[in-house]
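**Q** Start from the sequences, fold in the hints, and give me the full structure.
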Amino acid sequence: MTTRLVHTLTYDADAATSAAMLADPEFREQVCRSQLATSHQVSIEGSPGPGMQVHVQMTLPTDKVPSFAKKIVGTETTLVQTEEWQSASEARVSMAIPGKPGEIRGTSVLAEADGRTTRTVTLDITIKIPLVGGKIEDLISKLLGSALRAEERTAKEYLA
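Residue numbers 1 to 160, in our numbering, belong to the letters of the sequence shown in order.
Don't read these hints as lab results, they were simulated from the structure.
Treat the hints with care, as some may be off.
[To be verified] 16 Å max Cα-Cα, derived EDC-like pairs, lysine to aspartate or glutamate:
no., residue 1, residue 2
1, 156, 14
2, 70, 138
3, 156, 26
4, 142, 124
5, 128, 138
6, 142, 63
[Claimed, not checked] So the derived label-pair ranges between C-beta atoms look like this:
no., residue 1, residue 2, range
7, 68, 43, 26 to 36 Å
8, 55, 101, 18 to 28 Å
9, 43, 17, 16 to 26 Å
10, 129, 153, 28 to 38 Å
11, 14, 107, 16 to 26 Å
12, 131, 158, 36 to 46 Å
13, 14, 72, 41 to 51 Å
Keep in mind it's a predicted model, so treat the numbers as computed, not measured.
A virtual CB, placed ideally from N, CA and C, is assigned to each residue, including glycine.
**A** Given below as structure tokens:
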């Protein structure tokens, strides 16, 4: 089973400014802090556009995770996110929790209208654990939705 998450973020800036923000390591570090990461590493290769690669690794507490999932992830978990930008407006996204069975893959697409930019993140979440995989996929979808809302708030402050 696979769970799909589609989430749209809105930035009060044009697409070029939004892409530059997404290419700024300081912005990515602010996002990690807003998501209460206990540790993080950010690396960005290239500039906004084709070939840019973003790599974020963060360790997150699992204190708000239900007990059925905490048995699997432990007291904290590491999330590794990679973005491979195909153009100035589209990236392939992958996420992994090292040592855990599953994958998260999708896209991030920027679109500008009237001086504002939307970023639509579409992720397919697949967890390969018998009996509870679907429940964990739903949980991860909710957690990622919350993380994207935190990122949008961070972007609003960054762009102000």
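**Q** Against the structure, test the hints numbered earlier, and report the numbers of the ones violated in rising order.
**A** none
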